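**Q** Work the whole structure out from these sequences, hints included.
Spelled out, the chains give:
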Amino acid sequence: MPHTIEEIAQALGATALGAVDLTVSGVAEPAMAGPDDLALAMKPAFADQLGQGRARAALVWDGADWQALGLKAAIVAPRPRFAMAGLSAMMDPGQGFAPGIHPSAVIDPTADVAADASIGPLTVIGPRARIGAGAVIGPQCFIGADAVLGQGAYLREGVRIGARVRIGARLIAQPGATVGADGFSFVTPEESAIERVRDSLGDQGEITSQPYARIHSLGNVTIGDDVELGANTCIDRGTVRDTIIGNGVKFDNLAQIGHNVVIGNDCLICAQVGIAGSTRIGNNVVLGGQTGVSDNLFIGDNVITGGATKVLANVPAGRVMLGYPAMKMDAHIDTYKALRRLPRLAAQVAALQKAVFKPGQSD
Amino acid sequence: MPHTIEEIAQALGATALGAVDLTVSGVAEPAMAGPDDLALAMKPAFADQLGQGRARAALVWDGADWQALGLKAAIVAPRPRFAMAGLSAMMDPGQGFAPGIHPSAVIDPTADVAADASIGPLTVIGPRARIGAGAVIGPQCFIGADAVLGQGAYLREGVRIGARVRIGARLIAQPGATVGADGFSFVTPEESAIERVRDSLGDQGEITSQPYARIHSLGNVTIGDDVELGANTCIDRGTVRDTIIGNGVKFDNLAQIGHNVVIGNDCLICAQVGIAGSTRIGNNVVLGGQTGVSDNLFIGDNVITGGATKVLANVPAGRVMLGYPAMKMDAHIDTYKALRRLPRLAAQVAALQKAVFKPGQSD
Amino acid sequence: MPHTIEEIAQALGATALGAVDLTVSGVAEPAMAGPDDLALAMKPAFADQLGQGRARAALVWDGADWQALGLKAAIVAPRPRFAMAGLSAMMDPGQGFAPGIHPSAVIDPTADVAADASIGPLTVIGPRARIGAGAVIGPQCFIGADAVLGQGAYLREGVRIGARVRIGARLIAQPGATVGADGFSFVTPEESAIERVRDSLGDQGEITSQPYARIHSLGNVTIGDDVELGANTCIDRGTVRDTIIGNGVKFDNLAQIGHNVVIGNDCLICAQVGIAGSTRIGNNVVLGGQTGVSDNLFIGDNVITGGATKVLANVPAGRVMLGYPAMKMDAHIDTYKALRRLPRLAAQVAALQKAVFKPGQSD
Chain V
1 MPHTIEEIAQ
11 ALGATALGAV
21 DLTVSGVAEP
31 AMAGPDDLAL
41 AMKPAFADQL
51 GQGRARAALV
61 WDGADWQALG
71 LKAAIVAPRP
81 RFAMAGLSAM
91 MDPGQGFAPG
101 IHPSAVIDPT
111 ADVAADASIG
121 PLTVIGPRAR
131 IGAGAVIGPQ
141 CFIGADAVLG
151 QGAYLREGVR
161 IGARVRIGAR
171 LIAQPGATVG
181 ADGFSFVTPE
191 ESAIERVRDS
201 LGDQGEITSQ
211 PYARIHSLGN
221 VTIGDDVELG
231 ANTCIDRGTV
241 RDTIIGNGVK
251 FDNLAQIGHN
261 VVIGNDCLIC
271 AQVGIAGSTR
281 IGNNVVLGGQ
291 TGVSDNLFIG
301 DNVITGGATK
311 VLANVPAGRV
321 MLGYPAMKMD
331 AHIDTYKALR
341 RLPRLAAQVA
351 ALQKAVFKPG
361 QSD
Chain L
1 MPHTIEEIAQ
11 ALGATALGAV
21 DLTVSGVAEP
31 AMAGPDDLAL
41 AMKPAFADQL
51 GQGRARAALV
61 WDGADWQALG
71 LKAAIVAPRP
81 RFAMAGLSAM
91 MDPGQGFAPG
101 IHPSAVIDPT
111 ADVAADASIG
121 PLTVIGPRAR
131 IGAGAVIGPQ
141 CFIGADAVLG
151 QGAYLREGVR
161 IGARVRIGAR
171 LIAQPGATVG
181 ADGFSFVTPE
191 ESAIERVRDS
201 LGDQGEITSQ
211 PYARIHSLGN
221 VTIGDDVELG
231 ANTCIDRGTV
241 RDTIIGNGVK
251 FDNLAQIGHN
261 VVIGNDCLIC
271 AQVGIAGSTR
281 IGNNVVLGGQ
291 TGVSDNLFIG
301 DNVITGGATK
311 VLANVPAGRV
321 MLGYPAMKMD
331 AHIDTYKALR
341 RLPRLAAQVA
351 ALQKAVFKPG
361 QSD
Chain W
1 MPHTIEEIAQ
11 ALGATALGAV
21 DLTVSGVAEP
31 AMAGPDDLAL
41 AMKPAFADQL
51 GQGRARAALV
61 WDGADWQALG
71 LKAAIVAPRP
81 RFAMAGLSAM
91 MDPGQGFAPG
101 IHPSAVIDPT
111 ADVAADASIG
121 PLTVIGPRAR
131 IGAGAVIGPQ
141 CFIGADAVLG
151 QGAYLREGVR
161 IGARVRIGAR
171 LIAQPGATVG
181 ADGFSFVTPE
191 ESAIERVRDS
201 LGDQGEITSQ
211 PYARIHSLGN
221 VTIGDDVELG
231 ANTCIDRGTV
241 RDTIIGNGVK
251 FDNLAQIGHN
261 VVIGNDCLIC
271 AQVGIAGSTR
281 IGNNVVLGGQ
291 TGVSDNLFIG
301 DNVITGGATK
311 VLANVPAGRV
321 MLGYPAMKMD
331 AHIDTYKALR
341 RLPRLAAQVA
351 ALQKAVFKPG
361 QSD
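Residue numbers (the working numbering), protein chains in the order written: chain V, 1 to 363; chain L, 1 to 363; chain W, 1 to 363.
To be clear, the hints were calculated from the coordinates, so they are not data collected in a lab.
Just so you know, these numbers come straight off a predicted model, no measurement behind them.
We put the beta carbon where it would ideally sit given N, CA and C, even for glycine.
A portion of the hints provided could be inaccurate.
Stated by the list, open to error - Result set (EDC-like, lysine to aspartate or glutamate): computed pairs, CA atoms no more than 16 Å apart in a straight line:
| hint | chain 1 | residue 1 | chain 2 | residue 2 |
| --- | --- | --- | --- | --- |
| 1 | W | Lys72 | W | Asp36 |
| 2 | W | Lys43 | W | Asp21 |
| 3 | L | Lys337 | V | Asp334 |
| 4 | L | Lys72 | L | Glu6 |
| 5 | W | Lys72 | W | Asp21 |
| 6 | W | Lys72 | W | Glu6 |
| 7 | V | Lys337 | W | Asp334 |
| 8 | L | Lys328 | V | Asp203 |
| 9 | V | Lys72 | V | Glu6 |
| 10 | V | Lys328 | W | Asp203 |
| 11 | W | Lys328 | L | Asp203 |
| 12 | W | Lys337 | L | Asp334 |
| 13 | L | Lys43 | L | Asp62 |
Claimed, not checked - Take a look, some chain V residues computed to stay more than 10 Å from chain L by CB distance:
| hint | residue |
| --- | --- |
| 14 | His3 |
| 15 | Ala68 |
| 16 | Val76 |
| 17 | Asp92 |
| 18 | Ala114 |
| 19 | Arg130 |
| 20 | Thr222 |
| 21 | Ala276 |
| 22 | Thr335 |
Unchecked claim - Where chain W lies over chain V, by a calculated footprint (3+ residues, C-beta under 8 Å):
| hint | segment |
| --- | --- |
| 23 | 156-166 |
| 24 | 280-288 |
**A** Set out below in structure tokens:
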């Protein structure tokens, strides 16, 4: 997808400098850039690497002396990292899914597929499902009965959307993303050990052995606009009400969202995060990779968790958390510094005990 | 699926009160209930919400003054949470998979499919596979050669069952559940660093670089009756003997069960749990979300682990565990309380040292 | 697959003893072995179990008195665990995928599929994809546009390889393995709270609410020779450069490899491991199950992490790590011993404080 430096700068709201009609067809790291690549040299640290590559043009940091760097043209953006969003969208070659409806797709005659939607090979669209305008449904996808997929959806290969799931505009779903599995909800005829442990914080009382009866998931999943679902990520249906995902929420791969969970707007849910049933997550929350959140909790707006944080209690808005169990990040750092010195501290206490309580003795 | 209050109460072994011939077609939380919904008001805390909704009938707590709550009919169950199992089964609209064998399914002529089984579009059934009576195999599933699936199985879209896997009656498998991948078993020509670290608890000895040779998985997976598999959950085959799952075991999404693992009956394995190779799990065990269990361990009957517990050693029957490494839950809570006070404790020890060992000095 | 004891021993470079023309058709654990099984009795501990089974031949430990154990024939290998690699390969019945190209496969006419490759039912091969000699692509797989799969690849059911991914020779991919999903990379118009938290180690500054713009993944995934991918494991594409996996790397199930990650040769990445974006992993590294590694880190050669280790900082070559945050394994063991004694230590300090600072007082 060749573009001139001028075109790119205009699209990004950035400034083009030098030979602005020079054409590039890709982007590259500075040291690996060829003559037709736009090098990404967004920090002064990349200056040396530009010399190792063969780029004639680069996206440079504000104030870079691009001519001294040997470039014929440059683009200067006020926040180059943000410019990458627009630039990468322009340069993305995509997955090459063909337009139109592939003859091998199995589409129920009652499904309502927009005229300009494209449906990949071996995809199944169930009864009364609705596919919005401009949607691209990749190969081997499944869209269940009565599911609704808004305009401009883009589904990679093997995405599965269960019956009655409702999704807004511009969904992006990576391979194997799964929406609308049944929730994990089981109940025993009599009070169970788990119920007693929750009450007692550790005592399961008299041990009994009961089989589990299944609580079916009657709720659906409702997802807002501009959501992205990672590969093999799972979002379960609600038990009675819906599991609800707000607008602009981005999920990375292999995340698990339990039944009845409610997530606000503009959250980042990183890879392998697990959110247990009925937990509510506010707006603008960031859950780092492998974060776990127990069931029935409330995580306030703008909370951020570091990698692998395990949240076992409610978190007020604005907190930055780390650890297992989760603590405020600064408290966690202090605590773990102290933890590393703990064996030495124990030795010091032993010495003190000897000095104070057995002052006359020696080893 | 409309039912009268009378019918529902009878099915649940519960008591119907008031206008028992009133018909409901769904269930809802009290505040969101419409006039045709049975509201779920199973605790006194829901009394106010009933007033916000428009329910005419509700499943209420024992002793509720249902008439004062504005209801025309009520159902009283001794354990309402358990009643939800039966109620939700009655009200589940299901996934709408069509009966019969879809013409796009690829079924090996040597497969033995029960006459009343239904096979979804684009599903593959391998040579000599056996599908029991009443089974519903959803779209895009895969059943490998010589696999056996008992009566009444219900497989959602995209479930994969490998060759020779044997599964009992009434399996429920959520989308993307995967049974019978090969185990993760590799060996180096000479003793490896991992083997030395296990012996020495941390010292890998002289560092060597060896490629890995693959140990093929010759064992199968054997699964009992009434098992549920979560979305994208994986159960690996055994190396020589089978990986074995007992009756009534329920797995949530994205769980990982390694080769040779043996799980007893009536266990709950929550989302993102990992059980490493050759570990044995007793009966009635509950592993909370993101629990990890190392390889070659034994977890006794009725053990319960809290969320994200990392089990690095055997756990006797009946224990309730939490933390990384796993401790008894009450010890864990005490320890972590002390941990939060650790920076203060270190300051106290420093003050003591000064007072005891340098008593004449001041700051 | 029947073989004589002689044939097996020759193939393994081991020694056959006794009735070397005796034929076995499978392998089994000693207690479960039938007369046509080769029992695996690789340690003296298995001697008793041999008596419980009906094996006539066994793979025995060096120095075993096989005749006294009631065997008619035996194989002695210098390192029996390593011999299992060759033995299990000989005895593996495989998945029974049929040779040739199944008529239901959807293969783009521009794809270049080796004449002897086999393509399973309902598999999709995209435009200009190249499939090497001897490859076996199982049922319901997806190979994207311009993807390259080397000779001898073996893909189980439902594997997904995205556009432009390049994979070397002899890939083994378990069901649902997913290569080439887009990376998880988003940016806000202004500096985000996450960027500030990283700088400040916990302080997110003034709270703002910004939507996320997507950075498209322009890089690909490049995978070396002899790699194995576990079930439902995900390897994301790079942002600008490729995500790179070396030769001989083995991934277990449900692992997550972020964009731009570079992994060296001969690493073992166990189940549910997560490696965040742009992290580099050396050669011969072993990451235990549920290990997490933060983004932009460097893990040196020969590093080993125990189960559930959470790596938040660089790790020098040769280290053995455990815990969250990761510490050297021996330090971790000392620290956690001290941690378990911490409540007692706190009581000791309280007693010291009383004795030193309030010496005249009693309770």
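**Q** Of the hints given before, which are not true for this structure?
**A** 2, 21 and 22
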